[in-house]
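**Q** Okay, here's what each chain looks like letter by letter:
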Amino acid sequence: MSFARWVAIYGPTYVTGLGWTAFIALWAAVGTIVWGCVLLLIRLSAARWPARAVDAYVQLFRNTPVLLPIYVIYFGFPLIGLQWPAVVCGGVALILQNGAYVSEILRGSLKAIDRVQFDAAKSIGLTPWNAFRKVVLPQVLVYSIPSLGNQVVLLLKDTSLLSAISVTELTMQAKLLTEQTGAAYESFIVVALLYLLLVSGTEVAFRATHRAVRWQ
Amino acid sequence: MRTSRVRQIWTALVVATLLITVTQAGAQEKSRLDVVLERGKLIVVTLTTVPPFAFNDDKGQLVGFDIDIARLIAQALFKDPSKVEFVSVTAEGRWPAIESGRADMGVGGTTTYPDRALRVAFTRPFIDSGISVLVSKKSGIKSLADLNQDKFTVANLNNPQMADRAKRFFPKTKVLTFDTPSAQFLAVRSGRANALQIDTPSAEYWAAQNKDEMEVLPGLLGASQNNGVFLKPGDFKWWLWLDTAVTEMRTGSWYPQYTEIYQKWFGRNPPAQKFYLHP
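Going down the list, the protein sequences come from chains A and B.
Its first residue numbered 10, the first sequence is counted upward by one per residue in the numbering used here.
Its first residue numbered -18, the second sequence is counted upward by one per residue in the numbering used here.
Check each hint, because a few of them may be wrong.
Listing some non-contacts, in silico: residues in chain B with all C-beta distances to chain A over 12 Å [unchecked claim]:
1) Thr(-8)
2) Ala(-7)
3) Arg75
4) Arg100
5) Gly121
6) Ala136
7) Leu138
8) Pro141
9) Phe150
10) Ala164
11) Arg173
12) Ala188
Estimated spans, in silico, between C-beta atoms of each pair [claimed, not checked]:
13) A/Ile198 - B/Gly200: 35 to 45 Å
14) A/Ile198 - B/Asp131: 33 to 43 Å
15) B/Lys245 - A/Ala214: 34 to 44 Å
16) A/Ile89 - B/Ser69: 24 to 34 Å
17) A/Ala121 - B/Arg100: 27 to 37 Å
Simulated from the structure, these hints should not be mistaken for lab results.
Glycine included, each C-beta is placed from N, C-alpha and C at the ideal position.
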């Protein structure tokens, strides 16, 4: 079968897979950044034990493969009565792990911001929370855009692991097509190209955003 | 000056490519049988989560009926059952492993289907199989008719035959698709699915291991089936040798060794060596 015919016949199958992959990656990416901010805030809080707990959490998730939380949430949670759909289980697992990385990225950017800015913000009458929210956090996010882009790309590629828990995203579609047709090379080459497209698009979007919002 | 150097490099590259192509073309004409004999080791692709065909035992060793069959083939090739390297894959990984030449042959609860035989060659079967349904006892499913309700979910493996059977025998049931039998099993165990379909011996094995939780529904999904050794098509010498080895196990000179393996995994004798011989 020629490559063009392959794409013509199985194109729609790939589009379905592409849709799922993009959908999961999108909401998981948003969730990851929000969760990373929350973790950062807890870590910065004055209380010692919550900060330590976040520290332990980050260590735990940075040092384990993401397939593990995916399996635990999908196959383990039903045992305690939580039957979330596979897409939710996979997305939550991705958020939990990537959020740990993102909180570290944000912490790194925070260190690049001069403490004098806190004092300046306070001196014009902002409360500490407002100083953080209106002065510091926007800068932290802007500084972090390139690294966040990297993390989102990693997350996007990790969505392929959701094929292990019956989510019909791109990789699963390739697996099904391989079983259906035996044409392993064709099915996976197309998938590789589609991932390349998605990842390049994400990178371009992050670079454009960074260019638009950074201070010259 | 610079152009001529570039040209030299190009010429060298083209010559190298040609040489590689020529040598590879030469290698392709050689049968896999000779390659295997020269290498002194058989490379076998297999699933590793389909008990009792191929799975890891308590000590983490790969064991099973199909594994022993592969070892018996190694015994015939090298007079040494340990001269086998197993390549472990997910369900759909079996075909490219064969197509790419990564493995010499494959086993692992693999059913012969005419449409599958378009892309890999099969020997005649080394064991009869069939597809059964394993259900969780909690679900209260007692028959295929019970299963055919939209409140139930069945765990499939990602091959089209599974999808076809689901449409034919329980069209109303919801379907989840996994890439390994162990994930199917886990889905039933965790309550993600109420049932799964798999080769009868595997279903029976899991039911026996989890007597309180699971049972096998009576009846097969469709007909009795054949599980064979699969290999790259087009290599007559290698196919003929493997097919001869399988024939000898089931009906000929190696029937005693075959019987021993069969007894070990299924606790009963294999089908009679020849239908006209009395057991």
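**Q** Kindly indicate which numbered hints from before are broken by the structure, ordering the numbers from low to high.
**A** 3, 4, 6, 7, 8, 10, 11, 15, 17
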